[in-house]
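Chemist: Fit chains B, C, D and E to the known structure of chain A by using the hints.
One letter stands for each residue in the lines below.
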Amino acid sequence: MQRIGVFVCWCGSNIAATVDVNAVTETLAKEPGVVYATNYQYMCSESGQNLIKDAIRDQKLTGVVICSCSPRMHEATFRKAAASAGLNPYLVEIANIREQCSWIHKNKEEATEKAIILGRTAIAKVQLNAPLIAGESPVVKRALVIGGGIAGIQTALDIAEAGFEVDIVEKKPTVGGKMTQIDKTFPTLDCSACILTPKMVEVAQNDNIKIYSYSEVEAVKGFVGNFTVSIRKKARYVKEDICTGCGLCTEKCPQKNVPNEFNLGLDTRRAIYIPFAQAVPKVATIDPNYCTKLNTGKCGVCEKICTAGAIDYTQKDEIVEQQYGAIVVATGYNPIKLDNFEEYAYSQSPDVVTSLEFERLMNAAGPTGGVLLRPSDKTHPHTIVFVQCVGSRDVSGCGKPYCSKICCMYTAKHAMLCREKYPDTEVYVFYIDVRTPGKNFDEFYRRAVEEYNVHYIKGMVGKVAPSGGKLKVQASDLLNNEQLHIDADMVVLAAAIEPDKSARPLATMLTASMDTNDFFTEAHPKLRPVESPTAGIYLSGCCQGPKDIPETVSQASACAAKVIGLLAKDKLTCNPCVAHSDELMCNGCSSCANVCPYGAITYVEKEFRQPDRTMLVRRVASVNPAVCQGCGACTVACPSGAMDLFGFSNKQIMAEVDAICK
Amino acid sequence: MENLEIARELERISGVNPRKCMKCGKCSGTCPAYDKMEYHPHQFVSMVETGRIEKLLESESLFTCLSCFACVERCPRGVEPANIIEAVRLMKIRPQNENHLHAEQIPELLDENLPQQAIVSAFRKYKK
Amino acid sequence: MQVNDNKDFQPTIVAFCCNWCSYAGADLSGTNRLQYPANVKIIRIPCSCRLNPIFILRAFQRGADGVILCGCHPGDCHYTTGNYYARRRMSLLFSMLDYLGIEKERTRVEWVSAAEGAKFAATMNEFVDAVTKLGRNHRLEDLRCKKQ
Amino acid sequence: MKKMQAANLNDFFRAAAAAETVYLPVDSADGARFMKYEDGVTLSMACNTTRSAKDFFFPQVENLVDFKVDGKKIEVIDGREEVEDFVIFGVRACDLASFEILDRVYLNTPPVDSYYKNRREHGTVITLACGRPQETCFCKVFGIDAADPAGDVTCWMLGDDIYFRANTEKGEKLIAACGSLLTDVDEAPVENAKTAIRAMVDKLPIKDLKLDKISERHLLENFNSSVWKDLYESCIGCGTCTFVCPTCQCFDVREFKTNEGVKRFRCWDSCMYSDFTKMAAGNNRLSQLERFRQRFMHKLVYFPANNDGVYSCVGCGRCLKSCPISMNIVKVAKALGGEANE
Amino acid sequence: MQEAMKARAKELLADGSVNRVAGWKIGEFSYDITPAIFETAEEIDRDFVYDDFCGANLSKYLISQSRKEGKILVFLKPCDSYSFAQLLKEHRIIRENVYIIGIECYGKADINKIREKGIDGVLGIKESGSSFVIDSIYGEATVPKMDVYAERCLVCKSKKHAVYDELIGEEGDVVPSSRFDKVAELEAMTPDERFEFWRGELSRCIRCNACRNVCPACSCENCVFDNPNSGIANKAAADSFEENMFHIIRAFHVAGRCTDCGECSRVCPQNIPLHLLNRKFIKDINEFYGEYQAGENPDEKAPLTNFTFDDCEPSIVYKRGGNQ
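Residue numbers (our numbering), protein chains in the order written: chain A, 1 to 662; chain B, 663 to 790; chain C, 791 to 938; chain D, 939 to 1280; chain E, 1281 to 1604.
Incorrect hints may appear among the rest.
[To be verified] Below 20 Å or equal to it, Euclidean Cα-Cα: the simulated SDA-like pairs (lysine to any residue) are:
id: 1; chain 1: D; residue 1: Lys1010; chain 2: A; residue 2: Leu128
id: 2; chain 1: A; residue 1: Lys60; chain 2: A; residue 2: Leu128
id: 3; chain 1: A; residue 1: Lys662; chain 2: E; residue 2: Asp1519
[Stated by the list, open to error] So, partial list: chain A residues that the calculated Cβ filter (under 8 Å) puts toward chain D:
id: 4; residue: Lys30
id: 5; residue: Glu31
id: 6; residue: Pro89
id: 7; residue: Arg609
id: 8; residue: Asp612
[What the hints assert, rightly or not] To list a few chain A residues with every Cβ distance to chain E over 10 Å, as calculated:
id: 9; residue: Gly12
id: 10; residue: Glu26
id: 11; residue: Pro131
id: 12; residue: Lys184
id: 13; residue: Glu202
id: 14; residue: Lys256
id: 15; residue: Asn257
id: 16; residue: Tyr290
id: 17; residue: Gly369
id: 18; residue: Val371
id: 19; residue: Thr383
id: 20; residue: Glu426
id: 21; residue: Ala465
id: 22; residue: Lys526
id: 23; residue: Leu616
It should be emphasised that the hints constitute simulated quantities derived from the structure, not laboratory data. No experiment lies behind these values; they were computed from the predicted model shown. Glycine included, each C-beta is placed from N, C-alpha and C at the ideal position.
Isolated chain A, as found in the complex (with noise of 0.2 Å):
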């Protein structure tokens, strides 16, 4: 038999002056299963809550009804006071008579009434309101990050930093990312290398960072706090540990013709390769196809050479299983394939370049060791048009719906070198806005036009079309009114860009959503930028949405500081009201986990004893308690009823409806 006690606040004269507390407390102290009903002036305060817990004590009280205001307001208050009394802080239910009450009628007969209506619904639902337990579930004091550009390289450290265990599973030879193959940084011009390769450096010399490159995640099983992760480690054909990355094999290896992914293909490396000289870990990797001893197993010239003997045609992918607390996603962005944009000719003429592509033809480290040349003939050119928006703003179908954000801001740093470096070139850049919000950023842009004379023309080029030699350039100057007609030597696309390709596949492992764009969704625009909407996974950097440097970096670290927020954690305090499901009304039917939001529903194959005695498997839902967020959607979904939500059953609301409807 239940044993409820009733406490109605006058709020001061908040409710007590349109409410008539003596009569809802009278009134409904006759309802059923009520042995305690009383009033107080302000039962929030300190001895309002004794108030509460004495009669939990002396009544013996198996639910509690509070008539006062908004549970938004002191639900907590009063559960954690009906804790310390021994009751179960979920045998409490507010029946909310202040915000939706006396504060909006004047009438104090109607008031009273809807009081009481209110008061009484409050009680319905206690009455099935069951004792609830937050489950705890463990932490695993160890992250991943998954992407080791600078993203995935600052949680890292960050995350180290606190002291807790960080991998970081990088698919290439080598951590450093999209950083390393930039020359400078807008708006200051400091040297990409410069200010990565410290990073690099520490990130390989952390005790608490393991790094597994030239890896991929392959699956991923768990939850927040405890995911499993399995790891590919693909096969680099030689011994990590052993390599010293001297690189004589990667000198002797008669098979030169490899294109250079470091230098987008515009030079050449051997099959067996170190990206680049600063290259961590440091280590050379075979590419198996182009390797004539793995393909046709005549050569072995790298093991000959090798003094260490690292060299091991043999090795197998390894899969690597771990556990982790928390996941980070860092796995960035490309720039978009041209195939879309036959108008600029970058397949008809070497000398139509992307903007990254640039980026090494400037590179000191680069093909043409930091002198500018065409390309095709290896000449120093003279009119460079940049455009902008390649693929960006784009939503014909060519190219991507949104704005790429670095653009503007990387051509004003290319226009600027070139005329910096060669001022007997002419700078055009083609632009439909200038976006320069950032630090120092307007300035920066400022003074390519104003001090480094690049012409910015506010339109967009038409064609570009090789002929003689020359990039014949059509373009629309839209202040000037007038169509314009530049030979130029070389053209620079400022291609948009796009997500990993790796992170639709890896977003489904993880249960985290995306956009139509493929970017990671974060829980909430504003007020949650860095974690995903499925607890335990963390976004940093561009897999979330364009982003340059600084702002990526500081994504990163105020990722970095959520997961260690998740880690200094020993265990998780799991919401209780969540669903369940009732695994004999449950038909497997996957309606449930079809609108769950958070992967919190899992199928297993269970084995039931029927009525009539015999056992049968069948396909049932089970919920985690520790992913769920308790949204309630899987309820409404699922035809048998199966599934229900703690603290907000369907017999409970059902109950609350009769009650108010009474």
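Modeler: Then chains B, C, D and E, alone, in the frame of chain A:
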């Protein structure tokens, strides 16, 4: 000067929403007839948007457009400037109860410089 | 259309409000002392997607004359996607109720954010008016639950 | 024996309806069904109604008692409906026989079901001899004479004339009340009609269903027969057969929480349902096979064993017509060895 | 057709590919055909039938049958195959244990339509070209098949199978169907007329649960209406509200999952056009969220477990169709 009603009618006829234009000028950048035109593709879009139709109707540009559709092909926002030009052209050459033309009259009116579009349009309308 | 049972007809209205936006919006209209009729009684649910059509029918069975669901604006759901599902479910359910000849004005969905206290009060005033005009719910009532 | 022109049937109903409510089979979207007589309502010519006539005495839902709750007080109120006198016209021989079977359950064996008794006492049954039996009819198997049913009054419709014979005091009274419409006549035409009906019944395809191998004597043999396994599998476990059956008499007592308390009512239950006779300890028939078997064993073996050999089936054929998967008592009986001589 | 099916079934039994066959078994009067599981060639020779009265959809039986020992052969008509595919999508059938033979179907007859034509006492029905010759107690009659085909067959939506392992007979196509005409007709009525219409129909409900139990989409282990813990369990339509409640919620629970196989209306002993409720949901889903056919595409998300950011608002109901 401004005639927004006609502008909206043009939008209806052409099926083009000029407000989708982000004023990048790629249409005019790609236009092969640019120099022959008083108003350029991006201006057509902009002028229809703001209702400055009369100037367009008076302009020769209407018939200098080759309808090559390069602007439609290149537009990153799917605005379709050529369609809007065609709509303005229709408004010029096919107003109700005006400039009636009979098929028999065409040979004598035929002029080397008459744009192909106008001939075809005239035939389409008056062949019955 | 039903004829009013009497002039003093006071409809019973059940409002399901999601915990994160609309319930807070309702609180805000209280904080701002914006009045709406006492006929409206609010049931707090975690998210609009928690609203089972059964609850709506149950309310009508027990004597409700109107049922309204308030949730976060599409795109603002605390659980990211809840209200999108609710929107589909309610569109179909309301269409079905209309198909069965049940007055469509008795059911409504309104998106009310935590900042829209004024909208909450206005919505409730409007809804109560609309339902009052319709009169008592006869088409989905359960005679066994009829008030005596 | 009295006679009336069929054309005057409406006048007869009107006269009868003046004193008490008259129900008669009327054509509707679901076939013929019993409806209250009102002006403009006409008698159906269908062989029988889709639902049986048991509803009059044993309705699908019947209120038993109400509990009114006020705060912590509970008041018990007899929720029994007042039943007034009524007439059912057009009950066929099979349905009439079903009343006798229901009587055995609810009246003749204590405790007497007062709700049933109340309705039974207020009802006057006018039977109608069958004119156009259907392929699904097999009442003869149970010794029911479709040509001469009893009831308070028996009617025969012969061409333009309707013949009436009062069998009981209630019947006499009813006939007397409508006396002005009726004339006394000789029984000869009726006798001829009976012969014709019986001849017709003799031509029906399943009139010869033999049930000798299905009985108390063969109880274990029947119970353990392998045919159940073959037959039950198609059964979808709905309650159609039991709900259209005139003799199925199982009910469940349920409670409904109203706004003011609790209504306790009984409603038909079906032995085909998985929660039939489910108790705290569970269910006594756990599989659909057992439930399926129960229904037919009850009708053909257990009931006759306890009721002087009277089968709990009257051969009305409703289950043959309405079973979603066309499984029925005839197919079961034949599978159990009751094959008719062909 | 029937002979080819029998032969193939016996073949598959004989070579051990399957150990059971789900098909249709001959009845007393040639129209009362019962779904059955055949285990031997003899049973097939004696009882197996496939004709114009084999309307019953066998797919739901596979829920339990596919969990039994060995593989079962099932014959599926095009519309049945959609139910099967939908059940498969919901993980209710173990596919490996079922061998499906898709069979062609040009429509199935409805005995009630024959009876409505005043032909009663039906003893046997024979096919004769495009007509049925009906032998009855009261004489012989001939009716064109089309006149007595079930409504669901007259508005057939697809002669193409959603899933099969092999086919007997011709594979057809998805065909244009006028199945929403009646729904549209109801939508065009005034709410009062619609209310009257549905009261007239639903008030006949006897809650026998035939519609639910036969429905391949209603495959719950325990229906909410049977589960005393659901709070809405009910055994009888004790009030007109219960009729509405049961049918609205049932239709809602199968919305987006119902393949429109029409079994609900076929089995209703009270002739309630229950398919009009399901079709209303299908029509609305098509109109609101784009064409969707349950069971057609195993990878497509069901409309109620899916959404787009710019779905219509529920207020669309106030704006559209129907007289006031």
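Chemist: Hints broken by the structure, by number, lowest first?
Modeler: 6, 7 and 23
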